[in-house]
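Enquirer: Here is how the chains run, residue by residue.
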Amino acid sequence: MTLRVEHVMGIPVRVDVRAPVAAGVLDDVFAWFRDVDARFSPYVRESAVSRRARGEAARDADLDAVLARCEALRRATGGYFDVHATGALDPSGYVKGWAVDRAGALLDAAGVARWCVDAGGDVLVRGGGWRVGVRHPDRPHALAGVVAVDDGAVATSGAYERGAHVRDPHTGCAPAGVRSVTVLGRELATADAYATAAFAMGERGPAWTARLRGHGAMTVLAGDRVLATPSFLARCPGGSLAASLSFG
Amino acid sequence: MRVGRWIASALVAANVAVIVALWWDGVGTVDAGAEVLATLGRLTGLLGAFVALLALLLIGLGRLARHHALLGRLCLGLLLAHVVLITAGYTLGDGITLWAELGRLISGYPGVITAIAGLALLVVVAVTSARAARRRLRYETWYFIHLYSYLGVALAFSHQIAAGTAFVGRPAARAYWIALYVMTLGALVVLRLGVPLARSLYHGLRVERVVEAAPGVTSIEIGGRRLERLRARSGQFFTWRFLTRDRWWEAHPFSLSAAPDGRRLRITVKGVGAYTEALRRLRPGTRVVAEGPFGGFTAAARRRRRVLLIAGGVGITPVRALLEDMPGMPGDIAVVYRAQRPDDLILREELDELAAMRGAELHYVLGERDGELLSPAHLQQLVPDIAERDVYVCGSPAMTAATRASLDRSGVPGRHIVTEQFAF
Amino acid sequence: MRRALAALVVTAVAVVLLARYDTDPPRTLNPNSALRPAASAAPAPRATPRPGEKSASGPVITTPFSVIQVRATLTRGRLTGVETVELTGDGPHTEALNARAEPILRAEALKAGSADIDVVTGATYTSESWRDSLQAAIDAAREQR
Chain A
1 MTLRVEHVMG IPVRVDVRAP VAAGVLDDVF AWFRDVDARF SPYVRESAVS RRARGEAARD
61 ADLDAVLARC EALRRATGGY FDVHATGALD PSGYVKGWAV DRAGALLDAA GVARWCVDAG
121 GDVLVRGGGW RVGVRHPDRP HALAGVVAVD DGAVATSGAY ERGAHVRDPH TGCAPAGVRS
181 VTVLGRELAT ADAYATAAFA MGERGPAWTA RLRGHGAMTV LAGDRVLATP SFLARCPGGS
241 LAASLSFG
Chain B
1 MRVGRWIASA LVAANVAVIV ALWWDGVGTV DAGAEVLATL GRLTGLLGAF VALLALLLIG
61 LGRLARHHAL LGRLCLGLLL AHVVLITAGY TLGDGITLWA ELGRLISGYP GVITAIAGLA
121 LLVVVAVTSA RAARRRLRYE TWYFIHLYSY LGVALAFSHQ IAAGTAFVGR PAARAYWIAL
181 YVMTLGALVV LRLGVPLARS LYHGLRVERV VEAAPGVTSI EIGGRRLERL RARSGQFFTW
241 RFLTRDRWWE AHPFSLSAAP DGRRLRITVK GVGAYTEALR RLRPGTRVVA EGPFGGFTAA
301 ARRRRRVLLI AGGVGITPVR ALLEDMPGMP GDIAVVYRAQ RPDDLILREE LDELAAMRGA
361 ELHYVLGERD GELLSPAHLQ QLVPDIAERD VYVCGSPAMT AATRASLDRS GVPGRHIVTE
421 QFAF
Chain C
1 MRRALAALVV TAVAVVLLAR YDTDPPRTLN PNSALRPAAS AAPAPRATPR PGEKSASGPV
61 ITTPFSVIQV RATLTRGRLT GVETVELTGD GPHTEALNAR AEPILRAEAL KAGSADIDVV
121 TGATYTSESW RDSLQAAIDA AREQR
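Residue numbers (our numbering), protein chains in the order written: chain A, 1 to 248; chain B, 1 to 424; chain C, 1 to 145.
Quick caveat, the hints were computed from the structure, so don't treat them as lab data. Yeah, the Cβ is synthetic: ideal placement off N, Cα and C, and Gly gets one too. Keep in mind that a hint or two might mislead.
[Claimed, not checked] Some chain A residues near chain C, calculated using beta-carbon distances under 10 Å: (1) ARG18; (2) LYS96; (3) GLY133; (4) PRO137; (5) ASP138; (6) ALA159; (7) VAL166; (8) THR209; (9) ALA210; (10) PRO230.
[Said to hold, decoys possible] Facing chain C, from chain B, some residues (calculated, C-beta under 8 Å): (11) THR114; (12) ALA117; (13) LEU151.
Isolated chain A, as found in the complex (with noise of 0.2 Å):
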C-alpha cells in the first residue's frame, strides 16, 4: 500500500499503488513524468513542443505521435479539441493524460496488480474495485455521484477550477450553458480530449457524448440538471447518481 505524491506538470500527479510493488518502479514512474514534462511544456523553453511551436526543428517521435493523435481527435470531435485553438501549439491538455496512460504501462509491465493514477482529478485506475467520486461542481468537498470502476480512465473537464480556460475552438468563447463533463473511458489521453470536447460544445456536448462509442458521460448543466448516458450510468452503484451517494 503506497501513495506518493509528486508535483509536476503544475499539478500533483498522484500514485496510489494497493499491490506489492518492487522497489524502484514509482521511481521511474515519476522520472517519466519529470521527462515528460521536460519535453512536453510550453513554458519551458527548450521543450520539444516550445521548439516545434516557434517553427524550430525538434525531433522527437512521441511528440509526433502525440500530434498526430491530437490531430485525429480534431477531426473526431469536429473540431471541438484543438490543440491550436489558442494560435500557439499547446498540447498539454493531451499530453497529460498521455502521460498517465504511458505511467500505467510502465506499471503494468513492472506487474503491479492493483493501481491509480490521478493526474489533478483524470485519473487511469487499473486492479479492480476503485470508487471514483465526481466532484460537485458547485461544493469543492461535496460530491455529485460516484462510479466504480475495475480498468479503465475517468476524466472530467469544467471550469470551476481554473475558469474558463476551455473555449469552443470555432467561436473563441467559453461554452455556455455547462458546468463540467465527465467522461468514462478505456484509456485517459482520449477521455480527457472528450471531455474537452464535449464541455467546448456546451448544450450540444451530452447528445455528441451519447455517440460516442466505448466511452460513457455525464454532464452537468446550469440550473442543475444532469444529463447522463446509460452506459455512465451502469457503473453507478444503486443506478443512478443520487443512489449512488450517501446523504446526511
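Once you have looked at the hints, place chains B and C on chain A.
Expert: Okay, now just chains B and C, sitting in the frame of chain A:
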C-alpha cells in the same frame, strides 16, 4: 472522340467523389449495428439517384441500349438496397415492428410516399423491359411504360431534399443536389427537345420518298436544306421522330442505309412490329425530328489498308452505307452478310451493284444458328487474310458477341475490331 | 391513343394526390431521451421593436449540428442585446431528423452528497488548490487509519 470519353468519365468520377464526401460528412460516430445499416442506406440512396440521372442523360446522348440496360439495373439495385437498408436500420434502431416503422417513415417524413411511388414506377419499367415481358407486350406499350422512368426519377426528388441527412442544415450540399437535377433536366430539354426541334426547322427535315425495297422492307428518304451541316457520316445513326398524328411521341434509332450526300438521308426499316410497319404508310411531307448523328461505326476508325465488314440481319444498313463511300481500292473491302433465310436479305441488289463497282468481295452466309457459320475456320475460308484487316461487325448483341469471339480466335487484334450493336 | 390519354390522366391525378399528402414529424421514440425536440426551435422574435432600437444580423455560421446566426440589438447606438438564432431550415421536420439521430440520455437532478471513495475526479486542479481539496482530505484520512 476518345478525349470526350475521358472527360465524361472524369466528370462522373468527380461527381461520385462529391456525393460520397457529402455522405461521409454526415456520418457521425457510428456505434450500433442499426446505425450502420441506415448509414449505408443513405449512401445507396444518393448513388442510386445519381445513376438514375446518368441513365436518363446517356439516352439523350445517343448511347445505345447496352450501356443503358446496365445503368438501369445498377440504379434499381442501389435504390432497392437503399429502401431495405434504411427500413431495416430504422426498425432496429427504434425497436418497433417493421410495419410500424414503414408507417412511421411514410407518415413522418416528407416526400417518402411519393418516392415509394416513384420507385414502384421504376420497378415496373424494369420488369417490363425483361425479355420475357417484352415478348408479350406490344412495342408501343413497352415504350409508353418506359417513358414513365422520367416521372419515377422526378417523384423521388422531394424526399431527397427534404429528408436526406446529407442535406438537412447543409445549404451547400442542397444547392449541389438541386444543381445536379436542374442541369440534367436542362441537358435533356436541350438535347432531346430543343436542338432536334430547332434543327428540324432549320433544315426543313421532311419525308421525301417512301419506297418498298422488298416485301416488308421500307426505305425512307428524308430531305431538307443544307443537310451537309448535320455532319453525318456513313455508319452513323439518328434517333428519328416522325411527326404523324399518332406516332409523334415515339423516337427510334435507325442507321443511315446510304451514304449521306447532302441531299437526303436514307434509312431502311424492316417491318417487325407495329411501329416499323406503320412507317410504310408514312406520307411524304411529314416533318421529321432527328437527334444525332451518333455512333463511331465509321470510316474514321480505320487503321489498316484492308477492311472486312460483317453484318447480321438488319445490321446490314450501316454496312451498306459504308460500302458506298468507305475508302478502299478494289480488293481492299470485303463484306460478309449473315442472315437466317434468303428472305431476310435486304438491299440485295444495291449491295451487289456496289460490290461490283468497288471491286469488293461480297459473301452471303445463310443458315440457321449454327456453330460452324462464322466460326474462325469459316471466316478464314471466306477471308484468308482476315488477321490483317480492320473488321467491322454490326448485328444483334448475340451475333456481335459470337462474331467477336470468333475474330479473337482468328487472330484479329482487339483494336482493329469496330462493333455496333442493334438492340432495343 | 385513348388508352394512353386515360393513363396520363390517372397519372396526373395520382401525382397531385401524392403531393398533397401531409406528413407529421415523428415524435422522438426514445422514451429515455431528455432532449426535447423543441429545444432547438428558434426563439420568438420580439414583436415590436422599442423606439431607438435597431437590430442587425451577423453572418450565418455553420456548426456540425445546425446553422446559426447571431443577431445584435442596438439601442441608441449601444449594444444592448445579443441573441443566437437557430436557422434550422425546415422547422419541425429538421428537428425530427435531428431528433431521429438523437441518442439516449437520462436526466437527473444534481444532488450533493458524500461517499466512501478512493479518488476524486474533477476539473483539473493545480498544486495550490489541491492542498485544500477533497482528495487531500481523503488521503489524509487514509493515512491516519
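Enquirer: Hint by hint, work out which the structure violates, then give me just those numbers in ascending order.
Expert: Structure breaks no hint.
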